[in-house]
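Protein chains in written order, with the numbering used here: chain A, 1 to 295; chain B, 296 to 692.
Simulated from the structure, these hints should not be mistaken for laboratory data.
Be careful, since some hints might not be right.
Simulated pairs of lysine-lysine, DSS-like, Cα-Cα distance not exceeding 25 Å [stated by the list, open to error]: (1) A:Lys4 <-> A:Lys188; (2) B:Lys496 <-> A:Lys197; (3) B:Lys679 <-> A:Lys89.
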Amino acid sequence: MEQKKHLLAPGHTACAGCGLSMGARMVIDAAGPNTIVTNCTGCLEVFTTRYPQSAWEVPWIHSLFENSSAIAAGVEAALVALNRTGEAKVIAQGGDGGTADIGLQSLSGMFERGHDVLYICYDNEAYMNTGIQRSSQTPTWSNTTTSPTGKVSYGNPTRKKDMFKIAVAHDVAYAATATVGWDMDLKKKVQKALSIKGPKYLHVLVPCPLGWRVENKMTIKVSKKAVSTGLFPLLEYENGKITATRKITPEPVLEYLKMQGRFKHLMGDSPEAKAKLAEIQKIADENIARYELKA
Amino acid sequence: MKKYIEGSMAVADAVNLCRPDVISAYPITPQTHIVEDLSQLHADGKFKGQFVNVESEFSAASVCLGAVATGARSYTATTAQGLLLMAEVLFNIAGMRLPLVLTCANRAISAPINIWTDHSDAMALRDCGFIQLFAENNQEAADLHYMAYKISEDNSVRLPVMVNMDGFLLTHAFEPIDIPTQEEVDAFLPPYKPEYYLTTKHPITMGSMVGEDGYMEVRHYLEEAMKNAFPVIEKVTNEFKQKFGRYYGTFVDSYKMEDAETVIVAMGSVLGTIKDAVDLMRKNGVKVGALKVRTFRPFPEKHIREALNNVTNVAITDRASSVGLGGILASELKGALYGYTSVPNVTSYIVGLGGRDITVKTITDIAGQAGAKFDSSKFVELDKEFMKKGDEYLKTI
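So that you can see chain A by itself, here it is in the shape it has in the complex:
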């Protein structure tokens, strides 16, 4: 069988086991060559476009950290103005910081104006490009360099900002969550999204072995555990309804957390550690109930 050429070429400089590089490759392969991509500043831009090389086989542009959505809006407006809408679909992409923090305003504007753009957030749950600092997507009690554990700290005290709900609140044409652990599900969602006109949002969980403190070979396994514990539900929103695309037989969150060094401090027998674990379990339980995840 002939090997299909990837639209994100190999030879880029991502770390071994990088979930983001897998996710980005799956997305662009599913989207196909008739796509124009806009990209936030971050790991993806750095490891795929170190001058004079580029891993991108599709037209691709990076401008700044916080304007991938607004650049995509401009690309789409230009395609309409120049009668070139048949030429390409537009994908805007960024990491969790570029999407949920510094780029949230321009993303909201892109949604609200109804641009025919699919926005992809590659969520590795911290600012990994700058060295594992917390973002609004960093999970509760995770250890990062700006939410470190210490004598009086158990890590990041806040809860993940719910970007899926934020997208749905904008009445987007389509919204979904996915992860690299379930590649066919991810590709199907990309293709479905691109078949719908209007603003679309896809939130993809992409483990970062370096930042999550997991072995390079564990990327797929750990991303599947995020789903099977209920901490990262695979969801889809279309026609005004939210549905779970993957039912689970819930595993305790401990099964997911114990795989990762960023939660190592929660593994002791102290009452405090146990209380923090219970808090995280409660988040999973709430997801399971809200989205009726149980098989």
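Keeping the supplied structure of chain A fixed, place chain B upon it in accordance with the hints.
Showing chain B alone in chain A's frame:
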């Protein structure tokens, strides 16, 4: 055909005649009338491109960046706080060598908040890589846009252009303006046909990461592009003069400077007042003239030097101040004169900040101080009562 219209309407008409594909803007006083007029042209089917109403100036500039990168002629307008919010994107547009025309309705920067005429906004962005042109009146403001696109899109330049017009004093002033026909503009400004842009027919990567092995070289080419802009600005200005019969100077423009001993240097609408003051002083036998700096970036060192060659005294008025340095035009102009044996006495004056009137008397007073010691942060005509109260209060804390 001459129409008696507001400066903003003249600019909107001019921009529309340039056939932009994508316009994106965010409202801010005193730029609002320009985008309102363009919105109306869109609503009436006269502007046929895409009008993208965004949630901030930051996104307005970003939408334009994306549109130009996709091969569309694009336009935006802003002022003051809006220009500062765009700052990161404007550096990026220039660095990526994307042609764009932006109108800046020059206004003061907060704090204290103030919406009136001032050049602090454009001056703060003087290093961003945009060509910066300053209009003296509304006919020039409108005409600069036809020229700006042609300069910006020239292959040897490929730099964005900021057309500066004084907020309120020009944007809100009514004057009879000659608006050319579409055929005349089309004959002057050909469609935008970029060499490279985002297309699936020939995929390219734009905005890639360049390390220490190439960053300096790329920035060097940006500097070269600014140098290349000199002959292009000259060519385009002359062609405009030929086709439309209007000329406002190229890089600088001199007024009654033939035998002038003292010359007032300025940018923007204040030149009208300065010319009146020059006329008045000449009636009284004072040998005085005026020099308008029309192109601020690229900075026309050579042209300024040549213009001031036989002058004894030069008084520079700045409608902005680099806090900690003082007059910016003054500082750069002094630099242009450095190393030459026969240089004039140079004095520097900060005038007209935040919409403060600059009167004929302001100018004649400045001319009267010709030959005074250089003081780059001399604020002219400070209110004595205000200062007395302020000084008293400062003593109490």
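So, going through the hints one by one against the coordinates:
1. At roughly 18 Å between alpha-carbon atoms, lysine 4 of chain A and lysine 188 of chain A fall within 25 Å of each other, so this suggested pair holds.
2. This hinted pair checks out: lysine 496 of chain B and lysine 197 of chain A have alpha carbons roughly 23 Å apart, not beyond 25 Å.
3. Taking the CA atoms of lysine 679 of chain B and lysine 89 of chain A, the gap is near 63 Å; set against the 25 Å cutoff, the hint is violated.
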